[in-house]
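Work out the full structure, taking the sequences as your base and the hints as a guide.
Residue-level listing of the chains:
Protein chains: 2
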Amino acid sequence: GVKEILIPNQIVTQEKIKRLVEVNKKSKVMIAVENYDNVSKLSQEFEKNSMKLGVIIEVNVGMDRCGVELDEIVDFAKNINDKQGLDFEGIMGYEGHTVNIGNFEDRVNETTKAMNKLIKAKDILEENNISVNIVSASGTGTYNITSKIPGITELQCGSYIFMDGNYLKVFDDFQPALSLLCTVVSRRDNRIVIDCGLKSVSMDQGLPEVVYPRGIKLVSLSEEHCKCELEDDVDIQVGDKVFVRPMHSDTTINLHDNYFVHRDGIFDEKVEIVGRGKFK
Amino acid sequence: GVKEILIPNQIVTQEKIKRLVEVNKKSKVMIAVENYDNVSKLSQEFEKNSMKLGVIIEVNVGMDRCGVELDEIVDFAKNINDKQGLDFEGIMGYEGHTVNIGNFEDRVNETTKAMNKLIKAKDILEENNISVNIVSASGTGTYNITSKIPGITELQCGSYIFMDGNYLKVFDDFQPALSLLCTVVSRRDNRIVIDCGLKSVSMDQGLPEVVYPRGIKLVSLSEEHCKCELEDDVDIQVGDKVFVRPMHSDTTINLHDNYFVHRDGIFDEKVEIVGRGKFK
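So the sequence lines, in the order shown, correspond to chains A and B.
Each residue of the first sequence is one higher than the one before, starting from 3 at the first, in this note's numbering.
Each residue of the second sequence is one higher than the one before, starting from 3 at the first, in this note's numbering.
Hints are computed from structural coordinates only; laboratory data are not their basis.
Check before you lean on any hint, since a few could be wrong.
Note that the list lumps identical chains together, so a pair holds whenever it fits in one copy or between two copies.
Claimed, not checked - Taking lysine-lysine pairs in the BS3-like style, the calculated list, with each CA pair at most 30 Å apart, reads:
id, residue 1, residue 2
1, 43, 229
2, 171, 229
3, 20, 229
4, 243, 50
5, 85, 243
6, 282, 272
7, 54, 243
8, 20, 115
9, 43, 243
10, 219, 18
11, 43, 282
12, 80, 243
13, 171, 28
14, 219, 119
15, 80, 43
16, 43, 219
17, 272, 243
Now the structure itself:
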């Protein structure tokens, strides 16, 4: 199994907290916290089970989503340290608002600004004699910026494993390794329809691209259909295969039950996508 | 089981055609066709199994996606009638380009134009002594237009069962019956974050809406977070529940494994969503 799991998110319902206890029996779990009441409930449940839950404080580094502000953080950390059943491990910040900035210099500037806030949070805590073991941050798009900032101890990158069309606009440090194998179901003149659609490929970050064969422009997606225009010389017929690359890997993977893994062009393994559909 | 299934889509790969044979052992299956080569393959496989597959010709009624044109249809129907293993049942057209037109008069005009093309296809076939039993069309947004056109024999509406935010912009003939029960995971001033995101609610037809409690404006979705702004007097805390209505029911349902059905405010039944994730 997995020795250590960091859930960089808030777990607030009693039912889910009980599940955290169960997971903690198998793996050391850490989660992000940012709310007093939530901290109390986590503390009670873990104390009741004579266990310790690792917690890190989520700091708002500029995305203005979850996360405490710098002027709250000392009191909030002291509150955690006063509680039974919890181990205060450190802090995290996610610069999700900077990971897709196209211009590298702008990406560096905005990411640095966000990370300075996170490092400032660490400094404030340490000035108050609260030790900070973990300073977790970054997404794929900022891995090479955040990793160079002193004080950051771990990166939260995920998309680099597959890359996607949107990250490929920003950089090509990692090889793309995700596409949908689709079939042409209709052809008329320079128009083809292939059998992917919104139920199998996401478009929240823009329309996917046809990466193979060349010369096919993806025009629109309906639920189960994808309409494309062909350049004049593309020789493709109903039944032929087409590779489609999503703009956003995360939300596309979430639509599927399995990866079909290929190595050197040969099918290697079918891997279950176990995380999807687990909302309760 | 289900006596009769119409798949209003093209089934073109040999593997899927074999599966059609299996399904046809349990239910009478009909599918849409629009390609000669596909018709040949369907015919061969069903003849080999001493079975008959019901087919209807998909006619392009203006969406310019799949579907034969009027000048092809007679030859194409004759070709079907010449083939073993197939029963020619009729025609279908889907006016997907008109179902969401906001203005009713425009919706009537554009839908009527599309349906005139479908009825014309029927007339042409009958003038050529090819009988047409089924004339299938319509989506939820045009049910009350298409159903009044003489010659249409069945409607392909689906979304009316639940409705969604996008159809509710167009009409309120059916009661909305689909929402996500979410939990507030963070609150700071007039900002809350709830635990739905692109992995549980789609936004291909626009951002979802918070329908309960009142006074909460959904601002943005990330993968597992939804950011909202509160009006001044909204009393809501971390752990509280929020109902979110998707703009597009079909693509949202596709993200989930179960419906949780309520009747008169009381939980009634958990129903599995069996169709999702079946792309192969």
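Status of the hints after comparison with the structure:
1. 43 <-> 229: between (51 Å within a copy, 23 Å between copies)
2. 171 <-> 229: Both. Shortest intra-copy (23 Å) and inter-copy (26 Å) distances satisfy the 30 Å Cα cut-off.
3. 20 <-> 229: For residue 20 and residue 229, only the inter-copy Cα distance (26 Å) is at most 30 Å; the intra-copy one is 47 Å.
4. 243 <-> 50: between (57 Å within a copy, 26 Å between copies)
5. 85 <-> 243: Answer is between; shortest inter-copy Cα gap is 26 Å, intra-copy 58 Å.
6. 282 <-> 272: So residue 282 and residue 272 pass the 30 Å test inside a copy (26 Å) and across (13 Å) alike.
7. 54 <-> 243: between (52 Å within a copy, 28 Å between copies)
8. 20 <-> 115: Result: close neither inside a copy nor across copies, 37 Å intra and 58 Å inter.
9. 43 <-> 243: between (53 Å within a copy, 17 Å between copies)
10. 219 <-> 18: between (45 Å within a copy, 26 Å between copies)
11. 43 <-> 282: Within. Shortest intra-copy distance 18 Å satisfies the 30 Å Cα cut-off; inter-copy 44 Å does not.
12. 80 <-> 243: between (59 Å within a copy, 29 Å between copies)
13. 171 <-> 28: neither (40 Å within a copy, 49 Å between copies)
14. 219 <-> 119: Classified as between; 28 Å across copies, 43 Å inside a copy.
15. 80 <-> 43: within (16 Å within a copy, 71 Å between copies)
16. 43 <-> 219: between (53 Å within a copy, 28 Å between copies)
17. 272 <-> 243: within (19 Å within a copy, 38 Å between copies)
Hint check: violations occur at hints 8 and 13; the rest are consistent with the structure.
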